[in-house]
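Peer 1: Each chain, written out:
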Amino acid sequence: MRAWHFSETAYPYLPPADTYPSIRVSLPSRIYDPMKGAALYDRYIDEWLIAEDEGVEIMLNEHHQTATCVDPAAPLMLAALARLSKKARLLILGNPVANRRQPVRVAEEMAMIDVLSHGRLEAGFVRGVPYEILPANSNPVRMNERHWEALDLIVKTWTHHDGPFSHEGRFFHHRSINIWPRCYQQPHPPVWVSTTSPGGAAEVGARGFVQATFLTGFDATRKVFDGYRRGWQEAGRGRDVPIDRLAYAALIYVSDSEERAKLGAEKLLWYVTANKVPPHFANPPGYIPVAANVQLLRGAEHPLSAFGKRASVESAIKAGIMFAGTPDQVIKQIAKHYDHVGGYGQLLIMGQAGFLEHDDSVHGIRMFAREVYPRLKQLYPDATISGFPAAAAAG
Amino acid sequence: MKTTTIRIAGLDLELFETGQGPALLFLHGGQGFNSAQPFVAPLAGQRRLLVPSHPGFGKSSLPDWLDSVDDIAHLYLELLDRLDLAAVDVVGCSIGGWIAAEMATKAPERIRRLVMVGPVGVKVGSPDKLDIPDIFAMSQDDAAAVLFHDPARMKPDIAQMSDDELTATVRGRETLALLTWEPWMHNPKLKHRLHRVAMPALFVRGESDGLVSAPYMQAYARLLPKSRTATIAAAGHAPQLEQPQAFASTVLAFLEE
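Same order as they appear, the protein sequences are chains S and B.
Counting in the working numbering, the first sequence runs from 1 upward without gaps.
Counting in the working numbering, the second sequence runs from 396 upward without gaps.
Treat the hints as calculated values from the structure; they're not laboratory data.
Note that CB positions come from ideal geometry on N, CA and C, so glycine has one too.
Be aware that a few hints might be false.
What the hints assert, rightly or not - Example chain B residues on the side facing chain S (calculated, C-beta under 10 angstroms, incomplete):
(1) 474
(2) 554
(3) 564
(4) 568
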């Protein structure tokens with residue numbers, strides 16, 4: 001089991017939520033104080049480096065036009081971390097390639113960071129949440145097709161070393177691709193993809209990339225991981241899926257005191273509760289399938305938005321989107337989730353949010369790293385196979 | 396009254412046809428077409444009304460190569476060939492007007508008289524302001540207020556709609572986004588081609604249209620050598636739905652001049 005400290009570098013100093021219609025896309029930047037923002041960057045970088053000192057890996061992501069994640073150019077932050085950190089793996093999850101105009105440029109950025117970090121990059125790719133569409137002026141229709149064309153082209157760009165090649169695809173055109181530098185890791189850095197649908201996960205599995213899913217709880221995570229395992233097996237990669245191919249992101253807070261754990265966990269809920277976004281930003285046409293939109297028109301509700309309205313630490317733990325408490329409690333919660341979904345080898349820790357201050361964030365990181373992480377590594381060594389062998393044998 | 400499917404360039408195009416008289420090609424707007432819409436009867440009383448559902452709307456398929464209004468204009472020129480229509484009257488609403496304008500720039504001789512109803516498709520204003528408000532960046536209620544003179548009356552009753560109708564609505568909205576997203580609601584080249592569109596043209600606008608402003612439509616009309624404008628009272632972006640009688644009489648009077 002490998003654990004990652006993930007911070008969205010949020011800017012929490014906002015006016016009351018009832019004074020603005022959306023925390024994303026349209027929130028005026030006059031609210032952002034660059035002095036406070038600079039101090040926050042310093043602090044969040046410190047927390048990543050403390051996580052590294054504790055043996056935890058580093059993860060970051062990218063969002064645009066939002067107070068929830070002031071990291072609109074994640075490769076820049078990653079470049080800084082590549083020089084400030086010394087040993088941690090560096091996961092960007094990820095590059096929103098369906099919203100980037102030039103996949104080859106993304107390949108260059110990643111290759112450069114891989115060299116800068118002496119081969120510590122883990123290159124993740126995401127389709128991007130729906131609110132990224134307007135900031136990127138990106139067409140929400142056919143994103144999936146753009147995503148895969150871009151990602152396949154990036155891998156080819158990394159692994160082609162014999163002078164220029166060309167690409168004339170459905171969405172991207174390049175006459176002369178021949179990037180410098182080439183990647184430090186051979187043939188290229190590990191590739192991660194986040195998806196929330198079983199069909200998408202099957203495509204990730206077919207390629208053998210690492211599959212990540214965020215806050216999908218018990219049953220939805222199992223469906224995604226089942227999709228991955230199916231795609232992996234059907235592509236002829238063998239029956240056994242190593243657990244390090246699967247990643248789960250949860251809100252995690254650990255403390256030796258149950259009371260302090262609860263206080264920290266409550267602050268982490270900001271991730272869910274502060275995400276005030278109106279439907280026209282949250283669901284642009286074409287982002288989700290037609291049939292799913294018909295269900296929404298018939299009154300269905302997205303599970304996470306339903307949860308956001310009545311979020312509590314207890315319900316979040318029950319739903320499997322949060323692991324919080326004393327070390328014993330957290331290990332028990334993770335084990336329950338792990339067993340339900342068939343196992344995973346990467347735990348992405350959403351361990352800082354909103355008003356969880358520096359000291360409390362560091363306390364949570366250290367308690368996890370010292371009291372939980374070693375036991376998880378022991379329970380779930382990297383050689384473990386993901387899936388349900390008993391069920392497979394019976395079926 | 397019949398609905399047929401015509402195969403063109405690898406896609407299945409749904410074509411609705413009704414009425415007697417000289418052919419009239421009706422190109423629907425972004426909200427799609429169904430045969431119960433109230434302008435059908437008054438137009439079909441005088442004309443052979445031909446209404447294709449654009450690719451990705453109604454039951455028409457959407458091939459993966461198709462992503463622009465220009466693509467549809469090419470398809471519809473072939474549709475005229477298939478229907479053996481040498482020179483036809485065309486009415487285009489909203490993006491249907493945009494499709495008609497693209498067709499007219501390519502083959503002006505194929506269109507006898509042209510009616511543009513709340514048309515989009517050109518950029519005439521300054522770079523720092525959208526000519527056409529971004530209906531995808533506003534709530535459904537705000538969008539309805541932009542689109543309709545009487546939004547309460549025009550609000551769809553979702554509970555009464557079948558799954559097929561809802562599917563067509565959602566799919567049409569998705570296709571509209573695909574076609575219009577960038578550049579937003581226009582083809583930068585179109586205004587430099589409209590000088591060739593020399594058939595008589597009538598630009599019609601609902602008086603309360605919040606999407607296509609009066610100055611926008613006037614500037615658009617001025618790009619065509621032989622155009623004039625008309626306004627329909629108590630109607631928004633879809634006068635054919637809100638004031639079907641006034642709409643039909645305005646259109647038919649122009650076509651019969």
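Peer 1: Please list, smallest to largest, the hint numbers that this structure does not respect.
Peer 2: Hint 1 is the one this structure does not satisfy, whereas the remaining hints hold.
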